[in-house]
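For reference, the chains in residue letters:
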Amino acid sequence: MHADDSLDYHVLVIGSGGAGVRAAIEASAYGDVILVSKTILGKGGCTPMAEGGYNAVLREQDSCGIHFEDTMKGGAYLNDTELVRILVAESPQRMDDLIRWGAVFDFTEANEVAQRPFGGQRFPRTCYAGDRTGHEIMTTLLERLESLSVDTLAETTVIDLLKEGDRVIGALAFDDSGEVVLIKADSTILATGGGTRVFDISTNSASGTGDGFASGYRAGAELIDMEMIQFHPTGAVYPTDARGRLVTEAVRGEGGILTNTLGERFMKQYDPERMELSTRDVVARAIATEILNGRGTENGGIYLDVTHLPRKQIETQLPVMLEQFLKFGVDIRKEPMEVGPTAHHVMGGLRISPWCQTTLLGLFACGEVAGGVHGANRLGGNALADTQVFGKRAGEAAGRSEKRIKKIDSKQIKIQEERFSRFYDGKVNPPIITKQLQKAMWDGAGIFRNATDLQATLAKVMQLSESNLRAISQRNLLECCTVQNMCLTASLICKSALLRPESRGAHVRTDVCLSHDAQHSPFSHTYVSRNRQGIERTAFV
Amino acid sequence: MKTLTVSVYRFDPIIDNSGRLESYSVEVNDGARILHVLHNIHDYIDPTLSYRYCCGSGQCGSCAVRVNGEPVLACMEEAQDNMVIEPLKLAVTKDLVVDLTENLGAIASLIPKAEFVMPTKEQIDRIKPLRSCIECLCCVSVCPAMDVTKFFGPIAMRQEMRLSLDPRDANDRVSEAVEEGLFTCTSCQACWKVCPKDIEIPGKAIEKLRALANRKGLTLPRHQEVAALIQSTGRSVTRSEPTFLEQVGDVIEPNGQVKGIVGFFVGCMYNMRLPKTAFDAIEVLRRNGIRVVIPKEQVCCGSPLIRTGQLAFLDSLKRRNIDAFVIRGIDTVMTMCAGCGSTLKNDYRTPFVLKDISEILTTYGIEPPARLPIKATYHDPCHLLRGQGIRDQPRSLVKMVVDLVEMPSICCGSGGGVRSGNPDEAAALGNRRGEEIKKTGADIVISSCPFCEFHISEHTDRPVKNITTVLLEGYKEKDKVS
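Heads up: the protein sequence lines correspond to chains A and Z, in order.
So the first sequence is numbered by my numbering: it starts at 1 and just counts up by one.
So the second sequence is numbered by my numbering: it starts at 1 and just counts up by one.
Derived by calculation from the structure, the hints in this document are not laboratory data.
Treat the hints loosely; a few may be bogus.
[As the list claims (entries may be wrong)] Label-pair restraints from in silico Cβ distances: (1) Z:N171 - A:P354: 44 to 54 Å; (2) Z:D424 - A:R311: 46 to 56 Å; (3) A:Q269 - Z:M118: 43 to 53 Å.
Note that the Cβ used here is the ideal one computed from N, Cα and C, for glycine as well.
My request is simple: use the sequences and hints to build the entire structure.
Below you can see the structure in the form of structure tokens.
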């Protein structure tokens, strides 16, 4: 591995989910672009798994103002208002791009893009392609990408960002056999998605290991609101090995109801107005409370029921759900699903400007790895919109950046080489550490939190991050690096959770008494970087 | 928790000359999927095991492997004891990881028209069934045509059809599809049956593309000849000897008590090329109490037209066939040609029930024939196994008269107009069948489709016989002994 032996591009995009591919498409108008994906192109991120939909204001009766208010209220007013304004204003245009590129969204009888109701929204503004909306977007984006001259490196995993002084100038990656690839770039875009795989029960694909949070942090970027983890209310609870699998909010959007083992439609006690279509933080806590109070099923869930809906509606609007549950022996047309909360989305992430510039020169971030858009709780349907709106912005901003001559500091390479050689001499198989980490995070940094547990969890995470990991072959080096990313991401979550002495949105501190509502909180973003950490204050003191 | 013993294909190109199966014993939770077994091996037994996975919920298509020979998504199918896990039938990179680049690269992309045209709901609804593909390549792994000829494969055909339905797309997808091997598909339906998303590629993409190709004048000349023959004679083959229908009576009464009554749809091949086989079937039915009603005005079922996309006068054939049985008040129509049976069951709307002869014989039960001292293998006709879901009935009949040695269920190459349109491909697939037959060491090959019987007989030195012929031989032997 020599510093001279490297690829050189104008823009490097890391991640092939919705945000990454959208960014690469946009950036390709400005210069040579390379897209690096740790999985087969387009299969790895959470975008292809996103089921429910994409929020966009498309009708006269709706307005961007209402979408803005819904998003802010849903986010417990922790959102960066400028980012939200951009999200709601540009989401319809990005939907238009997708339609122009061939996306096959469901249409109404009037030949318009159809929309369904989703939680926390006053207008049914969630566009969808059955319950495979993200997959549809991903397919469309990949087809578009293919018609452009973007280079791609699939099954190549970025291990760390490369720097020249304070500036990010590319990344070091492993190919699928563990060989190092060095990529220099005038601008680098992190579009690595989220990291809720650090929890025992999670909806995320195998790639949701927080690599972008970790490598951004190590490079010196600042992250905000990392304590804000969305627990999706409805994940599968059986079979054991597949628990956490997402059961889309569209099930409730289509009219699904939640009941406990006493047959009570319990949401009336938690949010009588919005019921099942309350925001995700509220519904997830309601379900967790019902289960904690002994009104859950044997498998540790509650019931989500669509048997009262017409068969045809289930078959055409929720085909993936129908198929998945049938595979696990449940016909949702005839019997209720058993569901429970599951770690779903990281609202926090790298601090970005409206043009996705992080706090580091040369580094942009978009999609789930960026923070600020969704505040303390994301609305269903806003994540797919986020990937397209900020993916385009990141691609454009990175594309417009200056071309420059870059020199990789060989010291950085040497440090990595030493790290890898330690793995060869290590003792512990990485998956052992992963499991301990996931268990610790679920138990101590989950839906209900307190300082004592968070501190204990943080200590455990720090201990695990010191594990003497073992790579049995070159191909296994990657696993060691990934576990270290997971430990680092988990530690950022715990630290940030300790920094926020209030309950807000998805973050619930049972050891703190609230004397303010979210709109009048004295606190704004938490922030963590290698140099500083803390919580910002607002005017309400 | 439970303990499973599984075999997993291992191959590391750096150290191994060839792959091997390795056996593992793993402890997994109840309901564990195949993927969880692989995780278990990787996490606790051998960290060097390579396999792909990602979403864990059947949506990304990364984790397709073959389990006991059948392609499946590892994350969705439940793990079973003694299963054999192998990579898809593609170039293996390592262990269960295969090279997907070429096949994924063969999938066309939408090219937007200069002037944007918004699709209608109707167009969207027609595209949707072809859109849920997760590109797992299970279909490519089982496609027989791709093994022997230049064919971009079912996944590429699906996409060409999806694009041809889209008003936003600028390209001529039909001509592209023809270039990419549209007419090499044998309509064996293996791709559809293994598709985790149940996308009916043969019927909803390939036959539709062939129909569009027909409108552009791209139908193969040999297929046009067959269509012209059907149009002028009502039959897909020429008359070279007295036909079955010319020789047989209108109603055949059984020897003893009437257990059941069926109308008999003979089909062009048994009527005109293999009438003796049809008479064998009649003998077996008579002996087992079935009254057989045979309308003489029946014509070709239209299968050769549907499979090759020539639909202009199809409806008149359908009407003639349906009327022939309806005016005789028949409520069950029996086919003995797998292709006719599949067509009548799947492409017709009939006021009567359709049954394959093996369903009729097993439903009413047959007198046991004498056992013949030979070993036989059974060839599953695609249009019987996959077209009609009939697997067990023929086998139970075969086993009454001979010893059965199984072989893999793979297309013989005669279907989908390939025998006439692409004879080299048909011969290559036929030869592969011949090799499989040889491996079984069987004395005879039994099947239940005139196309398969005819085609396979050209590619094996063993006699190829219809099930009813072998049953009749069993009865003759029995009569001789008594």
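We went through each hint and held it up to the structure:
1. Z:N171 - A:P354: 44 to 54 Å: violated (38 Å)
2. Z:D424 - A:R311: 46 to 56 Å: holds (48 Å)
3. A:Q269 - Z:M118: 43 to 53 Å: Since the Cβ atoms of A:Q269 and Z:M118 sit about 46 Å apart, the hinted range of 43 to 53 Å holds.
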